[in-house]
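Colleague: Construct the entire structure; sequences and hints are all you get.
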Amino acid sequence: MSSTVILCIGAHPDDVEIGMGGTVALHADKGDHVYVCSLTEGELSSNGTVENRQKEAEASASQLQVSGRYQLQFPDRGVSRTHHEYTNLLEIIRNIRPEVVFAPFYQDRHPDHAACSDIVRQAVFDAGIKKYPGVEYSAYKTDSLFYYFINGFDIPDFYVDISSGQERKESALSCYESQFVMKTGSVATPLTEGYIESVRSRDAMFGKQAGVRFAEGFKNASPLVFSSIPQRRTV
Numbered sequence: 120m121s122s123t124v125i126l127c128i129g130a131h132p133d134d135v136e137i138g139m140g141g142t143v144a145l146h147a148d149k150g151d152h153v154y155v156c157s158l159t160e161g162e163l164s165s166n167g168t169v170e171n172r173q174k175e176a177e178a179s180a181s182q183l184q185v186s187g188r189y190q191l192q193f194p195d196r197g198v199s200r201t202h203h204e205y206t207n208l209l210e211i212i213r214n215i216r217p218e219v220v221f222a223p224f225y226q227d228r229h230p231d232h233a234a235c236s237d238i239v240r241q242a243v244f245d246a247g248i249k250k251y252p253g254v255e256y257s258a259y260k261t262d263s264l265f266y267y268f269i270n271g272f273d274i275p276d277f278y279v280d281i282s283s284g285q286e287r288k289e290s291a292l293s294c295y296e297s298q299f300v301m302k303t304g305s306v307a308t309p310l311t312e313g314y315i316e317s318v319r320s321r322d323a324m325f326g327k328q329a330g331v332r333f334a335e336g337f338k339n340a341s342p343l344v345f346s347s348i349p350q351r352r353t354v
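If you read the sequence shown in our numbering, its first letter stands for residue 120, the second for the next number, and so on.
FYI, nobody ran anything at the bench for these hints, they're computed from the structure. There could be a bad hint or two in this list.
[Unchecked claim] Ranges between beta-carbon positions, derived for each pair: (1) 121 <-> 290: 40 to 46 angstroms; (2) 177 <-> 230: 23 to 29 angstroms; (3) 226 <-> 348: 26 to 32 angstroms; (4) 351 <-> 323: 41 to 47 angstroms; (5) 196 <-> 349: 36 to 42 angstroms; (6) 177 <-> 305: 17 to 23 angstroms; (7) 203 <-> 339: 27 to 33 angstroms; (8) 190 <-> 307: 24 to 30 angstroms.
Ideal placement from N, C-alpha and C gives every residue a C-beta, glycine not left out.
Modeller: See the structure below:
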């Protein structure tokens, strides 16, 4: 069976793990080539430093056993298609040629998550334009774009059973100690107030809806089309 190339993009280090860390772990174990990309370094986060967060992100990527991790340098709270890093995002897509791309769901309380969702949607489109100026590698059209949830949720279009990957997901999230652990000198934020537990509760709720122990929910960017009736199965 051939492997699938998957690109998971977030605005900040830890976004992908929050929304789809279990799915990442399962597909990595399956032998798929899973890549994670953070658009910003999260330099405006209330806790932690850029340097520390990079170490945490690398540790998390190791836990999930991803094929590679990309760190772009869009400004935190300044994710824009007009920024020069947009070209680098297009080149990542064209270079690794993912069949599936994931981005944050656009309805999110954090403006950067909504901005990331929009810029990824545009990048997936622009990467397929042969005459797009100033971009290396040949044009490439991604098959599918899906959205994962970070803060809050909507009714998912489909679920992934992560019952066997939930522990790995939480281990990966725990690597971001600067964000999720209240220590001396830390500033209280929604992330330090039992955030990992709330993520687990959401995954359990999605699991209950899907008839499994834990699940992650996703939205489609466009209608799903099948060549035959799909069968219910786990990854």
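Colleague: A separate judgement is required for each hint: does it hold in the structure or not?
Modeller: Now for the hints, and whether the structure bears them out:
1. 121 <-> 290: 40 to 46 angstroms: violated (29 angstroms)
2. 177 <-> 230: 23 to 29 angstroms: At roughly 27 angstroms between Cβ atoms, residue 230 and residue 177 fall inside 23 to 29 angstroms, so the hint holds.
3. 226 <-> 348: 26 to 32 angstroms: holds (30 angstroms)
4. 351 <-> 323: 41 to 47 angstroms: violated (19 angstroms)
5. 196 <-> 349: 36 to 42 angstroms: Given range 36 to 42 angstroms: holds, Cβ gap about 40 angstroms.
6. 177 <-> 305: 17 to 23 angstroms: holds (21 angstroms)
7. 203 <-> 339: 27 to 33 angstroms: With a Cβ separation near 31 angstroms, residue 203 and residue 339 satisfy 27 to 33 angstroms, so the hint holds.
8. 190 <-> 307: 24 to 30 angstroms: At 27 angstroms between Cβs, range holds.
Consistency with the previously given hints fails for numbers 1, 4, ordered from lowest to highest.
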